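Here the structure of chain A is known, so what remains is to put chain B in place on it, guided by the hints.
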Amino acid sequence: MRLDQTLIAEMIKPGTRVLDIGSGDGALIDHLFHYRGCDARGIEINMKLVTLSVAHGLPVVHGDADHDLAYYSDHAFDYVVLQRTLQAVERPREVLRQMLRIGRYAIVSFPNFGHWQLRLKLLLNGRMPTTAVWCKPWYETPNIHPCTIRDFFALCHQDGYTIEKWMAVNEEGESAPWRRSVCLANLFGEQALFLLRR
Amino acid sequence: MDSITPLTIGEHRLARFPEGLTLDCGKHLAPIDVAYCTYGQLSHQRDNAILICHAFTGDQYVAETHPLTGKPGWWERMVGVGKPIDTDKFFVICSNVLGGCMGSTGPMSIHEDGTKREPWGTDFPPITIRDMVRAQCKLVRYLGIDKLFAVIGGSMGGMQVLEWTVTYPKMMLAAIPIATAPFHSAQNIAFNEVGRQAIIADPDWRSGRYWHEGVVPARGLAVARMMAHITYLSEKALMRKFGRRVREGGSSGNKFTGNFIGHIPLFGDIFEVESYLHYQGSSFVRRFDANSYLTITRAMDWFDLASDYDGELTVAFSGTSVLFCVISFSSDWLFPTSAARILVRALNQATANVSFVEIETDKGHDAFLLDEPDLDRTIRGFLRGVAEHVGLY
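The listed protein sequences derive, respectively, from chains A and B.
Numbered according to our numbering, the first sequence spans residues 1 to 198.
Numbered according to our numbering, the second sequence spans residues 1 to 393.
For reference, chain A alone in the conformation it holds in the complex (with noise of 0.2 Å):
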C-alpha cells in the first residue's frame, strides 16, 4: 500500500462503511477489510484490476465516478475516498457533490498544480510543464482538470463543505510539513490530501 493510502486509512474510523472509488488493485480497501474492520468496497474502470481485485475475494465493481455515483442512494456510506483521480473525472465537482451526497465524509486526495516546479517550468519555458508526477504530455494526459490545493479550498468553500483535515503529501505519500500556510503546502506539496464533511 502507498503511503498516502497509509494516510488515507488513519483517517478511517474502525468499523465504518467505506466506498473506494478508483480501488485500483484493491490495496486500500482489502487493508481496510483486514486492519480496521471495515465494510470497505470498491469502483474501478480498469477491468483487469476488477478482476483482480474480485479474484482476491474483494467486492468491486466495474464502473466510474462520472457515471456509476448516482446510482448509490444517500447516506449509504460513512466515507467515499477518492485517490489520485478527481483532475481525471469528466464533472469534478458533481463527483465531490455525489460523493457527499452518497457518504458522510469525503477523502479526497489529487496532484497539486500549484507546485513550484511546474509554476517555474511554465514561466521559464513556455510549454505545458511535466514533472514526476504530471508525467504525460498535453495531447495524451488523462487529467484534463487539474487544479492547485488552493483552487480546492476555493471549491469546497463555494460548495458548503467542511474541510476536517487536509494535508499536503509528496509523491512517495508521505506528509509534508506545510499545514500551517495554505500557500506555503500550495507551492511545495505534490499532493493534497482532503477529509471533508457535507
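Treat each hint with caution, since some may be false.
A few chain B residues that don't get close to chain A, going by computed Cβ distances all over 12 Å [to be verified]:
| id | residue |
| --- | --- |
| 1 | D47 |
| 2 | G82 |
| 3 | D88 |
| 4 | E112 |
| 5 | P119 |
| 6 | R240 |
| 7 | M300 |
| 8 | D308 |
| 9 | T337 |
| 10 | D362 |
| 11 | R384 |
| 12 | A387 |
EDC-like cross-link-like pairs, simulated, lysine to aspartate or glutamate; straight-line CA separation at most 20 Å [to be verified]:
| id | chain 1 | residue 1 | chain 2 | residue 2 |
| --- | --- | --- | --- | --- |
| 13 | A | K48 | B | E360 |
| 14 | A | K136 | A | E190 |
| 15 | A | K48 | B | D371 |
| 16 | A | K48 | B | D376 |
FYI, nobody ran anything at the bench for these hints, they're computed from the structure.
Being a predicted model, the structure only gives us computed values, none of them experimental.
Here a beta-carbon is modelled for each residue, glycine too, at the ideal position from N, C-alpha and C.
Just chain B, lined up with the frame of chain A:
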C-alpha cells in the same frame, strides 16, 4: 428420415415431496419429484453447501458422465476436486428444474387423473422461475441444510440465483448470477417464441400428444435448438470456428448431420456452420422433451424480478445481506453486459455487497460453459472471499 426413439425419463436420484407445491399460477401440483446430484461432503456444521442452478437445456449432471448422452458433465471444468468450485471444500448440489425432463416433475411425468394415467403433456400447469426455486428449496431442506453457502448459475440458472436472493435471502450467504438478467427482454421472448412456433408447426407435435402416438416432433425441436444455438454464440466465434468453409457433397454420410434434418439437395455443398447446427439440433432431440421446451421457455419469458415490487428492482433487494458476484461476458448479446449493469446499479442502490466483473471474450453467451480463465479466477476468489468474510476456513 430416421425415426427418433421417444425420450424416456430413465433412472435418476430423486427426492419425492408428497405434499407437493402450490404454483404461482394457483394450481397445486402434488406429489413432486426433484431429481438431483450431489458432489463432495456436507460438513458437520452443514455450512458448506453450494447449490448450482442449471441453464435452460442443462440438467443435474454437473460433474459426472451424463447417463443418456455419455458425455462429460456440463460444468466439469468448474466443479470437482481442486476446481474453482472445489468439491474437497464444498458440498455441491444440482437439481433438475421443475418442468424439466431429466427426472424432476415435468410434462413427461405420469399424471393420474381419476381413471386416466398418462403423461401431463401440454396439460402440465404453467410454471415460473420462482416455482423452480421453491422446488429447489424443498430439496435443500430435505438434505438438512438451513443455509446455503452460495447459489450459482448461468443464463436461466442465473435467473434462479436471482430469484433465490429475493425469495429466500436468509437461506443463503452468497450469489453468483452469471450471464443473466433481472428480466427477460422483448428480444429474449421473441427468440423463444420462434422456437416454440417451430415445435408446434411440426406435424409430429400432434397438439402436444406426440408421446401418445410414439413419435417426436424432432424437426421442430431441432430447428428451435439450431436457432437458439446461434444466440448462444457470437458472430466472431462463429467466424473463428467455421468461417466460410464448405463441406463438399452436402450432408450425406456426415457424422455431424442428423438424418432427420433435411439437407436441401438443391444447394449441393453445405457450409460447415450449417452442418454444425444440424448436429446440434439432432443431438438435442435425443435428450430433450418438446413439451418441456415449451414449459421452460415460458417460465423464462415471465421472469421479471421487479414485477412484484412495482417495477422497482432496488426494492426487491432492499436490506439484503446476500453477497453478490455478478458476471457478464463482453460478447454475450443474449444477456448483454447492459442487462448485468441494470442489476448491479439496482444492487448498489440497495447498498448490497456486490462485485461485478465483465469478462472479455469473443465466445458469446456460452462463454460461461467454456474455458475462460478469468471466470475461474473470479469464482474461486469470490468464494474464498465469502468464506473469509464469514470466518469460515
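How the hints compare with the structure:
At roughly 17 Å from the closest C-beta of chain A, the C-beta of B:D47 stays outside 12 Å, upholding its exclusion from the interface. Annotated as non-interface, B:G82 keeps its C-beta farther than 12 Å from every C-beta of chain A; the closest such distance is 16 Å. The Cβ of B:D88 lies farther than 12 Å from every Cβ of chain A, with a closest approach of about 18 Å, so its non-interface assignment holds. Its beta-carbon lying about 50 Å from the closest one in chain A, B:E112 satisfies the requirement of being farther than 12 Å from that chain.
The Cβ of B:P119 sits about 45 Å from the closest Cβ of chain A, beyond the 12 Å cut-off, so the non-interface label holds. No beta-carbon of chain A comes within 12 Å of the beta-carbon of B:R240; the shortest separation is about 22 Å. B:M300, annotated as away from the interface, keeps every beta carbon of chain A farther than 12 Å; the closest lies near 26 Å. B:D308, annotated as away from the interface, keeps every beta carbon of chain A farther than 12 Å; the closest lies near 21 Å.
With a cut of 12 Å on Cβ distances, B:T337 falls inside the contact zone with chain A, its closest approach being about 9 Å. No Cβ of chain A approaches the Cβ of B:D362 within 12 Å, the least distance being about 15 Å, so the stated non-interface status holds. Listed as outside the interface, B:R384 is inconsistent with that label: its C-beta sits roughly 5 Å from the nearest C-beta of chain A, within the 12 Å cut-off. Some Cβ of chain A comes within 12 Å of the Cβ of B:A387; the nearest lies about 8 Å off, and the non-interface call is violated.
Distance restraint check for A:K48 and B:E360: the Cα-Cα separation of roughly 9 Å lies within the 20 Å cut-off, and the hinted pair is therefore satisfied. With a CA separation close to 16 Å, the supplied pair A:K136 and A:E190 stays within the 20 Å bound. Of the pairs offered as hints, the one joining A:K48 and B:D371 holds, with about 18 Å between alpha carbons and a cut-off of 20 Å not exceeded. Only pairs whose Cα atoms come within 20 Å are accepted, and A:K48 paired with B:D376 is accepted, the gap being roughly 14 Å.
Consistency note: the structure conflicts with the earlier hints numbered 9, 11, 12.
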